[in-house]
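Participant: Here's the letter readout for the chains.
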Amino acid sequence: MIRIYRQLLIAQIQAAAQYRIQAVLWMLFSIIRPVIFLAAWTAVSNAQGGSVGGYTTSDFAAYYIALTIVGQLTTAWNSFEFEFEVRQGRLSPKLLRPLHPLHYAVVENLIWKATTFLPLLVVCALVAVTFHVEWHGEWWHLVLFVPSILLAAALAFMIAWVIATATFWLQRINTINTLLQRTGFMFAGQIAPLALVPTWMQVISYSLPFAYFLAVPAEILRGGVTLERGLLYLVGQAVWLGLAVVAFRFAWRAGLREFSAVGA
Amino acid sequence: MDAPVVDVRALRKVYRVTERETGLAATLRSLVKRRHREVLAVDGITFHIDPGEVVGFLGPNGAGKTTTLKMLSGLLYPTGGEATVLGHVPWRREGDFLRGMTLLMGNRSQLVWDIPAADSFLVLKEIYAVPERQYKRTLDELTELLELQPLLHKPVRGLSLGERMKVEFAAGLLHSPGVAFLDEPTLGLDISMQGRIRRFVAEYNQRSGATILLTSHYMDDVVALCRRVIVIHHGVLLYDGALVDLAERMAPYKRITVTLRGTVGDLSTFGEVVASSDNTATIHVPRTQAGERAARMVRELGDRLADISVEDPAIEEVIDKVFTSERPLAEATA
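For the record, the sequence lines run as chains A and B.
Count along the first sequence starting at 1, add 198, and that's the number in my numbering.
Count along the second sequence starting at 1, add 18, and that's the number in my numbering.
One chain only, chain A, in its complex shape:
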């Protein structure tokens, strides 16, 4: 499998090299939203004497920068890509090979992230300087962030694949994608850090998977959680990942029985 991944990575780097400008532009567009929220919360914080619910202006900046980095490292677009592949008949050649189509997506995902990570860090550094960010974390926040971001990336990836399998039944899954994106927007900590939203919204947020691949690693990276809470979050991420993997395996097997191999 290592040899397969090595060769897939080489091929994908060659393919991605031709779309590098496009990749960086996508990345730049993806950070507009957190920067807008950062600007809004900074204005609110400044108007209220420099703090909202215990979050200083610098804390907001640190949170949204962390959220931007986490968002980039956990992004997964497989549900959109998969629907396109099914409709265009491009899934069939992959299904004919003794390699699960998921592996191609892993490689594409990794290469995209690798391509765009450095430019993203530059932009984040500029935002950090502009908003006078200070990091108040401990060393173990950084240690905890490593498994947390890996679990978050895997969780976001697997959820995207679970959604993708709906294509086997529905052919078009734009509605589901949009619904999930909107739900994620509400409950993943994008509007505000989850500590600042009403209790009922916190309960929903921590009961759904979205926060576990966005707000949770972002708060850990910002240094905004206790060690106990951080470990608890890791357990939550692992549980959701386990559920997503089981759901995917089930949905994939059932979906293949429905697959009509249209267009191919």
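It cannot be assumed that every hint is accurate.
Computed list of lysine-lysine pairs in BS3-like fashion (alpha-carbon distance at most 25 Å, straight line) [to be verified]:
#, chain 1, residue 1, chain 2, residue 2
1, A, Lys292, A, Lys311
2, B, Lys154, A, Lys292
3, B, Lys154, B, Lys172
4, A, Lys292, B, Lys339
Some chain B residues close to chain A (C-beta under 10 Å, calculated; not the full set) [claimed, not checked]:
#, residue
5, Thr36
6, Leu93
7, Lys143
8, Leu170
9, Pro173
These are computed hints drawn from the structure, not numbers from a lab.
Each residue gets a CB set at the ideal place from its N, CA and C atoms; glycine is no exception.
Assemble the complex: chain A is given as a structure, and chain B must be docked to it using the hints.
Facilitator: Using the frame of chain A, we list chain B on its own:
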């Protein structure tokens, strides 16, 4: 005797398709209630293919050929029936099965468009776990047979249709599959490229002993490659046997072509005149009476006759007759 490589028993596939009438009202109604219809694509076909055979799989558009190939290559689950390919149930998609077969579709690409074919080949080499020496040998062979050398290092998107088809073939055969399902492999290619692909398939079969099931709308492909054909229509198997016997069984007539000195005149007493020009005529006569009719023509036309030939009808004509017939062949020739 070797076990069949492809063994199909009462294979059946029913698609469930959504239906909607045109117009805004129908669109709105479909939001609330969707209408579905069942389409029978393959209706209980049974056949088997022995190792090393090259079999033509014929039928008009919508006959169920591609659906059958998709089931045999593991892309589709059947609605009923059984099949094994290389001893595996295809739709279980076991690794050994996938490594042992290929499905090449003339209108579909399996290569990455943005990179040269040679790089895609390296990916396939690892995916199929082809040993280094075998990979080099196979690639050299395919490069020679398909004249790939100038194409290997160009991005696939820059290749012409014919060139792309050649590298697609190589990609599909790099792992030396024991079974190749070829679905319209010469679709859209010019005559010279069609011929080259045909020669390649024949030579590949000779060299590797691979079993090949081929669909094509070009009868030249079938005539050049297949001694045996399977004909399906409306999902039902109409004929399974030698290509030469298909003409004999399906066309109950022979074609007599005569060239005369002077004008043709009325030849309808000899049979059905299907074409005539100034001095040449083509006449269909009952197969069993072809010899007697030809002899009568020689006798009665005498010195007016410059040339005469008795032939089976062209295979295209026979196939067209099968496809336009609603009756199963068994009934038609009973």
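Participant: All hints, please: hold or fail.
Facilitator: Okay, the hints, checked on the actual structure:
{"no.": "1", "hint": "A:Lys292 to A:Lys311", "in the structure": "holds (23 Å)"}
{"no.": "2", "hint": "B:Lys154 to A:Lys292", "in the structure": "holds (23 Å)"}
{"no.": "3", "hint": "B:Lys154 to B:Lys172", "in the structure": "holds (19 Å)"}
{"no.": "4", "hint": "A:Lys292 to B:Lys339", "in the structure": "violated (38 Å)"}
{"no.": "5", "hint": "Thr36", "in the structure": "holds (9 Å)"}
{"no.": "6", "hint": "Leu93", "in the structure": "holds (5 Å)"}
{"no.": "7", "hint": "Lys143", "in the structure": "holds (8 Å)"}
{"no.": "8", "hint": "Leu170", "in the structure": "violated (14 Å)"}
{"no.": "9", "hint": "Pro173", "in the structure": "holds (9 Å)"}
Hint violations for this structure: numbers 4, 8, all remaining hints satisfied.
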